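Q: Letter by letter, the chains look like this.
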Amino acid sequence: MIITVILGFWMAWNIGANDVANSMGTAVGAKAITPKQAAVIAGVMNFTGAYFFGKSVTETIRKGILNVNMIHDPWIIVYGSLAALLAASIWLIFATYNGLPVSTTHSIIGGVVGYGLVYAGASIVDWGKLAQVVLSWILSPIFGAVVAFFVFKAVRRSILVRKDPVKSARYWAPFWIGLAFVVIGTMFYIKVLHGESLFHGVLVYGIPTGIVIFVLSYLLIRLHFRPNDPYLGVESIFRKVQVVTSAYVALAHGSNDVANAVGPIAAAYAVITMGLSGMEVPIPRWILAMGGLGIAIGIFMYGYKVMETVGKKITELTNTRGFSIDFSAATVILVASWLGMPISTTHTVVGAVVGVGLARGIKAINTSILKDIVISWFVTVPVAAAISAVIFKALLLLG
Amino acid sequence: MQVWTKLFAKSPFKPLIKHADVVLETVETLEKALQAWYDGNYEEMDKLAVEVDRLEDVADRIKEEIRDSLSSKLMMAVAREDVLIYLHMQDKVADAAEDTAKWLLVKRPEKISPEIKDLILEMGRESIKAAKLVYEAIVQMDRVIESGFSEGEINREYEIIRQIESVENKIDSLDTRLMQIVFENAGGMEWSEGFYILNIARTLSNISDKAKDSAERIRLMMNK
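Chains A and D, in that order, give the protein sequences.
Start counting the first sequence at 1; every next residue gets the next number (my numbering).
Start counting the second sequence at 1; every next residue gets the next number (my numbering).
One chain only, chain D, in its complex shape:
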């Protein structure tokens, strides 16, 4: 009897999916905070930013649990390093969301032009897409293994990865545009204002960057 209880270890994929779920919630809450920021509803924004921080903590705890459970003695369908690095990247998505939330709390954006605000809000919306796709990608990875690495399921996974990459591309170009606008208007802007905007943009584009890194790891998991 002990043989069985010892032999079958828990699959890391269910906890990974759970972690992805919390990461997605973190990014969604951040987007709500951005919306409140856009609307000038600062009280609500503060509350949501604190919530982002709390969710990031939850994600961290799940990450630790998964790490502790992945002993080097496990024989898995995918390489242990890939799982660990993937987890690290997925967790960084939530970290980046927390960073954005921190910057939101630093100051009130009274003098920021609507054009810039629109761009930032759009970056927030795209980030959610990236986080959702990461969640889909890890769910699909579980299916790929379940199917014994069948061609059809692998192709479906590649499709999700491609979508993540295209979202990342889009956010990148939004980020570039934002930078251009800030520097074009640098003359009429306080330095703190520009610093504030650029940092929000940088942390936001970080979300999709890390989403892309996670996708890269999944690509490696499917290699034979």
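So here's chain A without its partners, still in its complex pose:
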């Protein structure tokens, strides 16, 4: 058990150290925030996202992929979780070393499938659920792209092409921040207060939160001086907006990716403390908190360095574009978390970047990365599953 916790914590640390840079990269690259600020925002927001919104996805990884009722020995789940975490880590280290854009989420799912197959064959895997999850991997970047395409078009239409772009930005920038809070408020109602009706959530929590935030940010976002160039003015307004949307991304990231680390821990913990019936009770909050903490520590120890590098490398991104990417990706990821779909944050953000590119918003995007991503969809699960299977077998023989 202790080994599983350590491994899970290490996984969380890794997510904080590496994946967070992917979610905060656009904000740091567009010079909206410094790497240090990004680390603080990412740390706090990832923890918040993990703690409040991380449950559904964690449940999917804990008991959605495998039919746990078919497992009769609690130790199988402990060994299996261990094997899945180890396999995912090994594959991630290998892939990162070779520069492949592999997803932590995809690896951990592969790992879970791997030990399941070795233990009970194909029948234990809930193929329908797995197909849904895999479909969500393909859809999330596409949705990211579609949303970002329209968000950027909307920014263009409502602000950039106007006679007085700065004046329009003064109204529209708070609108977008407000809209982000409509989503967050609704999520809070459904996930934390366990509200039932989505309509009720949007109406009673989402929209009022959005309006309050709209008014607040309208009062807060003021230009102290108006630059001669209207686009510089718009960008400097959106630089402030991006501080908020990057926090939004970090929240979404925490809500989805914490599961990669704590899903297996939660599975192991439940069976050790309560036996097989433990799988029926919901995961305790402290496990989510621990995952969030692991991510935060990873960010503070190493992640901010990665962000520094990323920030230096992305020099061509402006704030209106960075905002469109952040807002779209975060919204798609949060919705996925709400549905309990473990998706790849990085791939969704890449999708959003391409969406803005398709709207002629970015001067040059290297599309060769897209091929790498599509390849990674097909390679990651089988490879991580194979590694996990081998480790699981070895653990069974040793244990």
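Keep in mind the hints are simulated off the structure, nothing from the lab.
Source: prediction; values computed, not measured.
One should not assume that every hint holds.
What the hints assert, rightly or not - Interface residues of chain A toward chain D, partial, derived using beta-carbon atoms under 8 angstroms: (1) Leu216; (2) Ser217; (3) Tyr231; (4) Lys240; (5) Leu317; (6) Val350; (7) Val353; (8) Gly357; (9) Lys363.
Stated by the list, open to error - Keeping only pairs whose Cα atoms sit at most 35 angstroms apart, straight-line, the calculated DSBU-like set for lysine-lysine is: (10) A:Lys163 with D:Lys129; (11) D:Lys107 with D:Lys47; (12) D:Lys117 with A:Lys36; (13) D:Lys14 with D:Lys107; (14) D:Lys14 with A:Lys305; (15) D:Lys47 with D:Lys111; (16) D:Lys117 with A:Lys31; (17) D:Lys117 with D:Lys170; (18) A:Lys240 with D:Lys111; (19) A:Lys36 with D:Lys6; (20) A:Lys153 with A:Lys31; (21) A:Lys313 with D:Lys107; (22) D:Lys117 with D:Lys129; (23) D:Lys111 with D:Lys14; (24) A:Lys312 with D:Lys73; (25) A:Lys305 with D:Lys132; (26) A:Lys153 with D:Lys117; (27) D:Lys18 with D:Lys107; (28) D:Lys132 with A:Lys312; (29) A:Lys153 with A:Lys312; (30) A:Lys371 with A:Lys312; (31) A:Lys371 with A:Lys153; (32) D:Lys18 with A:Lys313.
Note that beta-carbon positions come from the ideal geometry of N, C-alpha and C, so glycine has one too.
We have chain A already, so just place chain D on it with the hints.
A: Showing chain D alone in chain A's frame:
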């Protein structure tokens, strides 16, 4: 992390602006050489003509670098062919300036009438205008994209393109006048003299021709 370093490619516009800057410097140096030629200061002219040649080389190198960086895998706000053809045309502006410089070095214009010399000098001055406008046009193109192709910025770009076209028109008519003068006085002129003058005029009008071709490409970039 690698995702980001791979995903965002460098915008080709900053290097294009840099290239336009060198092209403009080439044409400006040529105009100085023409002035020295006009004043009969041949030593100075030779030095400046060599400088024109050197600047053209610099422009060529930047052109190569931009070409190498524009992989076909890039997704850009403007079509890749448009950028490449634009670059080619912009580079031809410097090429034409170099051609003029070469002709200047061929012989000394002792017997050329002041009327012809005036015309050639004026063509040189107009060429600078064309090169300056090309520089402005590519800077403005960057802004057009930054603004998300807003109507106002596009119109400003059209205005620059119109100015380039009118400069080209003016140089064209100067060129025609020069040809007429040469042929009217053909009787009292050595053939080498006429050949020399006409070639200087032809290469000079080439500068604005290529400037116009560059402008045409920018027009295409703004099409949806």
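Q: Determine for every hint whether it applies to the structure shown.
A: Status of the hints after comparison with the structure:
Restraint check, Leu216 of chain A versus chain D: the minimum CB separation of about 27 angstroms is more than 8 angstroms; hint violated. The beta carbon of Ser217 of chain A is not positioned within 8 angstroms of any beta carbon in chain D (closest approach about 22 angstroms), and the interface hint is therefore violated. About 6 angstroms separates the beta-carbon of Tyr231 of chain A from the nearest beta-carbon of chain D, less than 8 angstroms, and the hint is met. At about 19 angstroms, the closest approach between the beta carbon of Lys240 of chain A and any beta carbon in chain D exceeds 8 angstroms, and the interface hint on this residue is violated.
With a least beta-carbon distance of about 7 angstroms to chain D, the hint placing Leu317 of chain A at the interface is held under the 8 angstroms criterion. For Val350 of chain A, the interface hint holds, since its Cβ comes within 8 angstroms of a Cβ in chain D; the closest pair sits about 6 angstroms apart. With its C-beta approaching chain D no nearer than about 6 angstroms, Val353 of chain A sits inside the 8 angstroms limit, and its interface hint holds. The interface hint given for Gly357 of chain A is met, as the beta carbon of that residue sits about 5 angstroms from the closest beta carbon of chain D, less than 8 angstroms.
With 8 angstroms as the threshold, the beta carbon of Lys363 of chain A comes within range of chain D, its nearest partner Cβ sitting at about 4 angstroms, so the hint holds. Of the pairs offered as hints, the one joining Lys163 of chain A and Lys129 of chain D holds, with about 30 angstroms between alpha carbons and a cut-off of 35 angstroms not exceeded. Taking the CA atoms of Lys107 of chain D and Lys47 of chain D, the gap is near 15 angstroms; set against the 35 angstroms cutoff, the hint holds. At roughly 65 angstroms between alpha-carbon atoms, Lys117 of chain D and Lys36 of chain A are farther apart than 35 angstroms, so this suggested pair is violated.
Distance hint between Lys14 of chain D and Lys107 of chain D is unfulfilled; the C-alpha atoms sit about 39 angstroms from each other, more than 35 angstroms. The straight-line distance between the Cα atoms of Lys14 of chain D and Lys305 of chain A is roughly 28 angstroms, inside the 35 angstroms bound, and the hint therefore holds. Straight-line distance between C-alpha atoms of Lys47 of chain D and Lys111 of chain D comes to about 22 angstroms, which keeps the hinted pair within the 35 angstroms bound. At roughly 55 angstroms between alpha-carbon atoms, Lys117 of chain D and Lys31 of chain A are farther apart than 35 angstroms, so this suggested pair is violated.
A hinted pair counts as satisfied when its Cα atoms are at most 35 angstroms apart, and Lys117 of chain D with Lys170 of chain D qualifies at roughly 17 angstroms. Between the alpha carbons of Lys240 of chain A and Lys111 of chain D the distance comes to roughly 69 angstroms, so the proposed pair goes past 35 angstroms and is violated. Of the supplied pair hints, the one linking Lys36 of chain A and Lys6 of chain D holds, its CA atoms being roughly 23 angstroms apart against a limit of 35 angstroms. Between Lys153 of chain A and Lys31 of chain A the alpha-carbon distance is near 22 angstroms, which keeps this suggested pair within the 35 angstroms criterion.
Taking the CA atoms of Lys313 of chain A and Lys107 of chain D, the gap is near 53 angstroms; set against the 35 angstroms cutoff, the hint is violated. At most 35 angstroms may separate the alpha-carbon atoms for a hinted pair to count; Lys117 of chain D and Lys129 of chain D meet this at roughly 19 angstroms. Among the hinted pairs, Lys111 of chain D with Lys14 of chain D is inconsistent with the structure: their alpha-carbon atoms are about 46 angstroms apart, more than 35 angstroms. Restraint check for Lys312 of chain A and Lys73 of chain D: the C-alpha separation of about 23 angstroms stays at or below 35 angstroms, so the hint holds.
Between Lys305 of chain A and Lys132 of chain D, the direct Cα distance comes to roughly 44 angstroms. Violation of the 35 angstroms bound is thereby established for this hinted pair. The straight-line distance between the Cα atoms of Lys153 of chain A and Lys117 of chain D is roughly 55 angstroms, outside the 35 angstroms bound, and the hint therefore fails. For a cut-off of 35 angstroms, the pair hint linking Lys18 of chain D to Lys107 of chain D stands: about 33 angstroms separates their Cα positions. With a CA separation close to 33 angstroms, the supplied pair Lys132 of chain D and Lys312 of chain A stays within the 35 angstroms bound.
For the proposed pair Lys153 of chain A and Lys312 of chain A, the alpha carbon gap of about 27 angstroms is at most 35 angstroms, so the pair holds. With a C-alpha separation of about 25 angstroms, the suggested pairing of Lys371 of chain A with Lys312 of chain A holds against the 35 angstroms cut-off. Of the pairs offered as hints, the one joining Lys371 of chain A and Lys153 of chain A holds, with about 26 angstroms between alpha carbons and a cut-off of 35 angstroms not exceeded. For the suggested pair Lys18 of chain D and Lys313 of chain A, the alpha carbons sit about 21 angstroms apart, so the restraint of at most 35 angstroms is met.
The structure is inconsistent with the numbered hints 1, 2, 4, 12, 13, 16, 18, 21, 23, 25 and 26, although it conforms to all the rest.
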